[in-house]
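Produce the entire structure from the sequences given, and follow the hints as far as they go.
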Amino acid sequence: MVQADEFGEEIADFVRRVAELKTARSVPADELATVLDAALFELDHVVATLWPQQEQRTADPGASASRSATADRQEQQLLRAVFQRLPLPVALVDRESVVRRLNFAATLFTGVRAGYATGRPLTGFLAHADRAAFRSQVAAVARGEGDRGLTVHLQQNPQAAVRSTLTGLRPGNEPRTTVLVLLQPEGDGSPVAAPAAPRAAAAPD
Numbered sequence: 001m002v003q004a005d006e007f008g009e010e011i012a013d014f015v016r017r018v019a020e021l022k023t024a025r026s027v028p029a030d031e032l033a034t035v036l037d038a039a040l041f042e043l044d045h046v047v048a049t050l051w052p053q054q055e056q057r058t059a060d061p062g063a064s065a066s067r068s069a070t071a072d073r074q075e076q077q078l079l080r081a082v083f084q085r086l087p088l089p090v091a092l093v094d095r096e097s098v099v100r101r102l103n104f105a106a107t108l109f110t111g112v113r114a115g116y117a118t119g120r121p122l123t124g125f126l127a128h129a130d131r132a133a134f135r136s137q138v139a140a141v142a143r144g145e146g147d148r149g150l151t152v153h154l155q156q157n158p159q160a161a162v163r164s165t166l167t168g169l170r171p172g173n174e175p176r177t178t179v180l181v182l183l184q185p186e187g188d189g190s191p192v193a194a195p196a197a198p199r200a201a202a203a204p205d
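The C-terminal residue of the sequence shown carries number 205 in the working numbering, and the numbering is unbroken.
Each statement offered as a hint is correct.
Between beta-carbon pairs, the in silico distance windows are:
1. 156 / 13: 35 to 41 Å
2. 85 / 163: 17 to 23 Å
3. 132 / 159: 16 to 22 Å
4. 128 / 78: 34 to 40 Å
5. 16 / 161: 30 to 36 Å
6. 149 / 96: 18 to 24 Å
7. 175 / 38: 30 to 36 Å
8. 100 / 147: 17 to 23 Å
9. 120 / 80: 18 to 24 Å
10. 151 / 17: 27 to 33 Å
11. 76 / 151: 30 to 36 Å
12. 187 / 77: 32 to 38 Å
No lab work stands behind these hints, which were simulated from the structure alone. Ideal Cβ placement from N, Cα and C applies to all residues, glycine included.
The structure is reproduced here in structure tokens:
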């Protein structure tokens with residue numbers, strides 16, 4: 001139970017830091033680079049530390065036996081809430097670039113509702129010229145060939161360059177690597193903002 005308590009404290013501290021980052025979005029434009037660096041550090045922390053810890057705890061029979069199913073569900077719900085509240089646009093996609101999850105900041109950034117995007121290739125929301133390269137880089141990350149980054153353009157705003165950073169991770173109980181996609185405006189240091197209202201979903205979320 002000591003490890004469980006430590007993990008819970010780690011998650012709680014992370015949630016508090018994310019809340020602080022959300023309040024920092026109003027800082028002057030020339031200071032946003034520092035905020036972005038901090039947000040990227042927190043994303044790395046989730047990928048490198050928190051998610052593997054959760055995966056190990058789920059896979060460990062002794063640990064699983066010592067905790068109730070309710071506690072497991074609460075931890076999973078907390079991790080999902082952290083993902084949704086990250087102040088940067090992030091998506092989880094599979095090796096075919098199909099969207100598994102899209103957080104709230106990403107819905108604002110892309111103008112696409114999470115319920116509409118889920119189950120559809122993320123490439124469908126990119127400019128046609130960028131789709132093959134993006135799909136290839138996602139597949140490489142999913143194969144374990146390391147993190148990648150490339151510049152793409154959203155279909156609804158092809159004039160604006162978007163930097164996409166791709167990182168592989170393995171959520172608990174998943175047989176294959178999932179790819180975390182971070183989207184951000186390239187080179188202008190501007191805060192993330194919605195270019196348009198999110199697109200209506202074809203089916204309820």
